[in-house]
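Going by the numbering used here, the sequence shown opens with residue 210, and the numbers climb by one from there.
Simulated from the structure, these hints should not be mistaken for laboratory data.
Since the model is a prediction, treat every value here as computed from it, not as a measurement.
Warning: the hint list may mix true and false statements.
[Said to hold, decoys possible] Simulated crosslink set (SDA-like; lysine to any residue; CA at most 20 angstroms straight-line):
1. 458 / 384
2. 458 / 406
3. 399 / 476
4. 244 / 475
5. 451 / 419
6. 400 / 295
7. 400 / 302
8. 244 / 286
9. 399 / 252
10. 244 / 505
11. 283 / 234
12. 244 / 285
13. 458 / 269
14. 458 / 264
15. 451 / 505
16. 400 / 433
17. 458 / 403
18. 244 / 282
19. 283 / 248
20. 458 / 445
21. 451 / 263
22. 400 / 384
23. 451 / 427
24. 244 / 451
25. 399 / 303
26. 383 / 427
27. 458 / 435
28. 458 / 482
29. 399 / 291
30. 458 / 427
31. 451 / 471
32. 458 / 468
33. 400 / 264
34. 458 / 487
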Amino acid sequence: MTARAAAAAASLLALAVSACTSFYEVPIETPIQPKMDVSAFQRVLIAGFLAGGSEDVDANLETVRLLRSQLRSKSGLRVIDADVLPLLELAVEQRSEKPEAPPSTPPSTPPATPPPTPPSPDATGGGAGTNGTDQAAQPPATQPPAQPQPPAPAVPAAQPAGSETRAPRIRDEKDLEPLETIFANVDYWKKIGEEFQNPLIVTGSVLFTPHARAGFVSREQEYFDTLGRRRVVPVRTYSERKGFILRPKFIFIDGRTGATLYSETFREEILYSPQQATPALSSYFELMDRLVPSFLSTLSSQKIRGSRVLLK
């Protein structure tokens, strides 16, 4: 009887499990709070960026356009349409306007004392001859003709003010570091904020540089065995791949005071096979697509969409 009871219980359990084969999927959304409080602002200004790296992409202009379009559709802040600031030229100009330390003046030396002039023969009386009569006045010694002096080298004319403020090319972080002092210029950003009614100002730097790497890469190789069956096996090969590295730094400035509220730095990299020719602009947008969700989560609450499976 015990064995029969156990068999009956097992069959009932199997029937219960088979009856729960039907299920349905329930979509859910998980809210994520923003990284900074922007409730004090109603407007946002994507001002401009210190851009460098590849000359094939205007990272300043493209980054401003992309972030403005994303904030218009996914943020409650009103996006200000304004001209993109040439931040690189402005940073070089502000750096050249800093007063330099005056050169140290050497100690003044007293003027040299001229050598004494020898006395004339008339004053000393030594011009009388042996016979008591004055000697005839000797003619003055003739001076040699002056040699022509070579012309002095031409002194270059002083460069006009502002000629040294031409924007240099930024290749890496070392070229970018001395120009980042513009973000600490509180008076400048406060002036920008007053011009646009004290918005939240978004600025920073964007480096989009070419990159190459060589090494072993795993790829799948297809072949057919002796029976004609298709097989796929992983193969490691040495390859030189080229791509790009994107290093943006987003800085959020309070337009009312000019002070920095928050900053965040990202880094994304992408590599392509030698046979794949991808334009630089396409690679830029592909890398920015990975960073845009993190950027938006700084200003506004985002929702992560998913699903749950429920059994009947």
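These are the hints, each one checked on the structure:
1. Distance hint between residue 458 and residue 384 is fulfilled; the C-alpha atoms sit about 15 angstroms from each other, no more than 20 angstroms.
2. Using a Cα cut-off of 20 angstroms, the hinted pair residue 458 and residue 406 is violated, with the two alpha carbons roughly 25 angstroms apart.
3. Of the supplied pair hints, the one linking residue 399 and residue 476 is violated, its CA atoms being roughly 29 angstroms apart against a limit of 20 angstroms.
4. Of the supplied pair hints, the one linking residue 244 and residue 475 holds, its CA atoms being roughly 15 angstroms apart against a limit of 20 angstroms.
5. Annotation: proposed proximity of residue 451 to residue 419 holds, straight-line Cα distance about 8 angstroms (limit 20 angstroms).
6. Between residue 400 and residue 295 the alpha-carbon distance is near 16 angstroms, which keeps this suggested pair within the 20 angstroms criterion.
7. At roughly 17 angstroms between alpha-carbon atoms, residue 400 and residue 302 fall within 20 angstroms of each other, so this suggested pair holds.
8. Restraint check: the Cα-Cα separation between residue 244 and residue 286 comes to about 15 angstroms, which is no more than 20 angstroms; the hinted pair holds.
9. With a C-alpha separation of about 15 angstroms, the suggested pairing of residue 399 with residue 252 holds against the 20 angstroms cut-off.
10. Restraint check: the Cα-Cα separation between residue 244 and residue 505 comes to about 9 angstroms, which is no more than 20 angstroms; the hinted pair holds.
11. For the given pair, residue 283 sits about 27 angstroms from residue 234 by alpha-carbon distance, which is inconsistent with the 20 angstroms threshold.
12. For the hint pairing residue 244 with residue 285, the CA-to-CA distance comes to about 15 angstroms; that is within 20 angstroms, so the pair holds.
13. Of the pairs offered as hints, the one joining residue 458 and residue 269 holds, with about 12 angstroms between alpha carbons and a cut-off of 20 angstroms not exceeded.
14. Note on residue 458 and residue 264: the hinted pairing holds, with a Cα-Cα distance of about 19 angstroms set against a maximum of 20 angstroms.
15. Taken as a hint, the residue 451 and residue 505 pair is broken in the structure, with Cα atoms around 29 angstroms apart against an allowance of 20 angstroms.
16. Taken as a hint, the residue 400 and residue 433 pair is broken in the structure, with Cα atoms around 71 angstroms apart against an allowance of 20 angstroms.
17. Taken as a hint, the residue 458 and residue 403 pair is broken in the structure, with Cα atoms around 24 angstroms apart against an allowance of 20 angstroms.
18. Only pairs whose Cα atoms come within 20 angstroms are accepted, and residue 244 paired with residue 282 is accepted, the gap being roughly 19 angstroms.
19. Annotation: proposed proximity of residue 283 to residue 248 holds, straight-line Cα distance about 16 angstroms (limit 20 angstroms).
20. Note on residue 458 and residue 445: the hinted pairing is violated, with a Cα-Cα distance of about 36 angstroms set against a maximum of 20 angstroms.
21. For the suggested pair residue 451 and residue 263, the alpha carbons sit about 13 angstroms apart, so the restraint of at most 20 angstroms is met.
22. The hinted pair formed by residue 400 and residue 384 fails the criterion: a straight-line CA distance of about 27 angstroms is larger than 20 angstroms.
23. This hinted pair checks out: residue 451 and residue 427 have alpha carbons roughly 16 angstroms apart, not beyond 20 angstroms.
24. The hinted pair formed by residue 244 and residue 451 fails the criterion: a straight-line CA distance of about 35 angstroms is larger than 20 angstroms.
25. With a C-alpha separation of about 15 angstroms, the suggested pairing of residue 399 with residue 303 holds against the 20 angstroms cut-off.
26. Our distance criterion of 20 angstroms between C-alpha atoms is broken by residue 383 and residue 427, whose separation comes to about 34 angstroms.
27. A hinted pair counts as satisfied when its Cα atoms are at most 20 angstroms apart, and residue 458 with residue 435 does not qualify at roughly 56 angstroms.
28. A C-alpha spacing of about 28 angstroms is found between residue 458 and residue 482, which places the hinted pair above 20 angstroms, so the restraint is violated.
29. Of the supplied pair hints, the one linking residue 399 and residue 291 holds, its CA atoms being roughly 16 angstroms apart against a limit of 20 angstroms.
30. Under the criterion of a C-alpha separation no larger than 20 angstroms, the hint pairing residue 458 with residue 427 is inconsistent with the structure, at around 33 angstroms.
31. Only pairs whose Cα atoms come within 20 angstroms are accepted, and residue 451 paired with residue 471 is rejected, the gap being roughly 34 angstroms.
32. Restraint check for residue 458 and residue 468: the C-alpha separation of about 16 angstroms stays at or below 20 angstroms, so the hint holds.
33. Between the alpha carbons of residue 400 and residue 264 the distance comes to roughly 31 angstroms, so the proposed pair goes past 20 angstroms and is violated.
34. Straight-line distance between C-alpha atoms of residue 458 and residue 487 comes to about 25 angstroms, which puts the hinted pair past the 20 angstroms bound.
Violated hints, listed in ascending order, are 2, 3, 11, 15, 16, 17, 20, 22, 24, 26, 27, 28, 30, 31, 33 and 34; each of the other numbered hints is respected by the structure.
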